[in-house]
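Chain order of the listed sequences is A and B.
Residue numbering for the first sequence follows my numbering, beginning at 1 and increasing consecutively.
Residue numbering for the second sequence follows my numbering, beginning at 1 and increasing consecutively.
Please note that the accuracy of each hint is not assured.
To be verified - Okay, derived cross-link-like pairs now, BS3-like style, lysine-lysine, Cα gap no bigger than 27 angstroms in a straight line:
| # | chain 1 | residue 1 | chain 2 | residue 2 |
| --- | --- | --- | --- | --- |
| 1 | A | 206 | B | 170 |
| 2 | B | 3 | A | 206 |
| 3 | A | 22 | B | 165 |
Think of the hints as simulated: they come from the structure by calculation, not from any bench.
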Amino acid sequence: MIKLFARVQPGYYPGYSTLDQKMFWDETTRDLILKRVYEVPPIRFFTETEAKTMQSVLGRILPQEDRIESRRISLLNYIDERLYSKRGEGYRYEDMPEDDEAHRLGIRAIEIMSTDRYGRCFTELSSLDQDTVLKSIHDGQPFSAQSIWNVMSVQHYWSLLLRDAVAAYYAHPWAWDEIGFGGPAYPRGYMRTTGGEREPWEVNEKRYEWSSQPDSLSDF
Amino acid sequence: MNKYPLAYRTLAVTAGFSGFMSGVEVALEHYRGSYGQRIMYSPVVLSALLGLTGLGAAVGIGGAVTLLPVASWILILDGVLGFGFHIRGISRKPGGWRMPVSNIVMGPPIFAPLLLPIGGVLGWVASRLMSSPANSKNRTQTVLYGVVSVSALLNGFEALYSHYKANFSKRSQWIPVILAPLVAAVSFSTLRDRRLARVALPAVSVVGVGAGFLGSLLHLRGTLKRPGFKQHQFYNLVYGPPVLAPILFSATGFMGLLACYLERQGEI
Chain A
1 MIKLFARVQP
11 GYYPGYSTLD
21 QKMFWDETTR
31 DLILKRVYEV
41 PPIRFFTETE
51 AKTMQSVLGR
61 ILPQEDRIES
71 RRISLLNYID
81 ERLYSKRGEG
91 YRYEDMPEDD
101 EAHRLGIRAI
111 EIMSTDRYGR
121 CFTELSSLDQ
131 DTVLKSIHDG
141 QPFSAQSIWN
151 VMSVQHYWSL
161 LLRDAVAAYY
171 AHPWAWDEIG
181 FGGPAYPRGY
191 MRTTGGEREP
201 WEVNEKRYEW
211 SSQPDSLSDF
Chain B
1 MNKYPLAYRT
11 LAVTAGFSGF
21 MSGVEVALEH
31 YRGSYGQRIM
41 YSPVVLSALL
51 GLTGLGAAVG
61 IGGAVTLLPV
71 ASWILILDGV
81 LGFGFHIRGI
91 SRKPGGWRMP
101 VSNIVMGPPI
111 FAPLLLPIGG
121 VLGWVASRLM
131 SSPANSKNRT
141 QTVLYGVVSV
151 SALLNGFEAL
161 YSHYKANFSK
171 RSQWIPVILA
181 PLVAAVSFST
191 LRDRRLARVA
201 LPAVSVVGVG
211 AGFLGSLLHL
221 RGTLKRPGFK
231 QHQFYNLVYG
241 PPVLAPILFS
251 ATGFMGLLAC
261 YLERQGEI
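With the rest of the complex left out, here is chain B (with noise of 0.2 angstroms):
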């Protein structure tokens, strides 16, 4: 039998889960800037390895659990660092910072590294937990509410530009614009109000998970769509709207939804 509670098997999942996703999703960004610098694969290769350290843990593989919270890191640093070369890629973009519009849309994404070891987070508040259940309960919670904030924000200001991009043509790209500041809104005020957490938390995060489901499908279908997608499947993948983007809004309102749980249970 498994050692560790369900809770705590569940978020190690996710956060493999979460991993893989944004691992394939970086892939094909990365493709599509032909992998210009070597340092575009470390992306790749950590999401990867999250991934399988996070379902080894989640079955209760002894080394998999001490491994869990070394690649967590590794892929946030790694997340901290990608943002930088992206600030540098859009300052290198002719016109650089002083056309900041036309060359944030246009050149790397900005926020995007930052959104990618999300699953890291994840996977260290997994760790933390397994390694030892009473690991000092505020500062974790602390971590996880203001992680949640930040990530809606910075997803919420990805979705914003890559829509402007697309024009807002279809009323459905306003939603992650709209609900992204409201999640980071409540997740940030549980931070004062303890009951917030318990109610309009949730609540939220339910409605984040779900947006990010629907915005995947409706790049999905944006993607099938696009004219030549029987003759060039793989690119009008890379180069339509990226199918799995909406997935990590996803993660952030998961990430919300786990805090919640764990505030019911006295876990955390």
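Just chain A, same shape as in the assembly (with noise of 0.2 angstroms):
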């Protein structure tokens, strides 16, 4: 096994680049992931410190420490920018607020919990006392902070959480690089369509071996 190491683009596909394909793309789909890639947006909705304890949060949910600093994916700023224009996905569960309240309890509570039991802020805890944070909360069973948990439902604000870091995760060419997805394929469209053939700007998959951190809860 070998431990991660920063890399331009981690994943199988060495060399698979998504965005070479982009003048086969509608004009409306190549400004809008032009835009995503180049233009990042700032953070509006969340104050500085909500903004530091919540990037230390989506740190530990999806690490990308397998990335060099400058191939980062700027998750928070792409949820904040959900938030900020409140930008919903046309339904709430009823035990849950809007999603910009929402996100704004879940990092007082996950704050609360851990000055209750680590007598420090999130974002000074080690990987390891974070992730217990995080995991009793994705485990149902959140050991304080119970005040907030009455308000908003435990199960459904991970829901949340999770699938906003992925979404904007996985909207990022550099994401479908690592995954080899094809990105946009209209109006290119696929032409090997048969006998598990790769297109002629796919690559080959290059498998590698990869353990996860050791200081890290993910595995157990």
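From the two separate chains plus the hints, produce the assembled complex.
What follows is the structure in structure tokens.
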């Protein structure tokens, strides 16, 4: 097993770039994706302290230590943009406040839990302690901040947090390159539809062994 | 007794046979295109007509001999018309000519309509020879060699992009791509060097005929090996590799052989 190290492009598809295909997208799609990559929205919804906590939380939910600094996907900014512009998913659970309010409450709860158990704020905890806090929420058994969990469902908050992180990450071309996803297919389409052959612009999979970080609870 | 020599009758049979074969092929392909436009029926009907008149002329039915050149020419014109429609079809695909590779590969087969009337050309040559054997020798010869060259090239290009679509996953998919330009080059040089026509052309033509039949067998095998062939035979026939398409390459090779034969007999 090899420890993960920072790469320009992690994943099993070295040299694969969906952005190289941008001339084969329609204009609306191209504008949208290029804006997503090169014009990362500023933080406008979260306060400075909230942003710090949320950044650490996202760093444990979707760690990007296998990416070099300049190629990390700014999850916080994309989530902030969604909440700032009040872009919802079109539904809300009855035991949940609006998404923006839910995120604020969640961050407050995480901070309360960190202080209660470790006497420090979440950002200053070790990775293992951060994971312990988050895993208790994941398991639906948070060890404190009951006043908040009384007005917001633990499971639904966890699902919201995860959904937002994953949606932001996998909406990014760099994440597509990592997993070998082809990105927008219109109008170019796919031509090699049988026999598992790859398209001319795809690359062959090159697998490598890796182990998750030792200071992580994710394998337990 | 039939008043026409065996060579002419063979030619007429070949024209008819190739008409039937390409008729079946185009019927399947246009079925796949769900006969979206009514004109897509025309090559099916006209190929069948050529098939009937070709066979009729071969057995010496007077009316068929008269009809053969007409059927041949209508099919040739229909092919040219179809070529225009297929080009329009490609340009109408999303992205049009801005992304020529994917749209040629995925759109209507660009040169297929021009390959369809090979039988028409054979029929035309047959009817020319049948109506008056003394017909201007050089012109017929030139046309025949020219048609062999051009149809070999078109065949090669069709094979090139179709097999590119399949990612040349089997080495045999290179055969028509390499062979086609060879046949075209040899046939084209015969216009300058008649000796080539007696030796080199029959050689590459025989290989071409064989390669075409081999291709059809391999395409048939590919179709049979498609998942679920036993349950959905017709579906897999339509969506698998085109079983009869390589036969068109054989037809080209056959035309080359025929040209050599007539050259040797001094009959064109």
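These are the hints, each one checked on the structure:
1. Restraint check for residue 206/A and residue 170/B: satisfied, since their Cα atoms lie roughly 22 angstroms apart, inside the 27 angstroms limit.
2. Restraint check: the Cα-Cα separation between residue 3/B and residue 206/A comes to about 70 angstroms, which exceeds 27 angstroms; the hinted pair is violated.
3. Simply put, residue 22/A and residue 165/B have alpha-carbon atoms about 21 angstroms apart, close enough for the 27 angstroms limit, and the pair holds.
Checked against the numbered hints above, the structure breaks only hint 2 and satisfies the rest.
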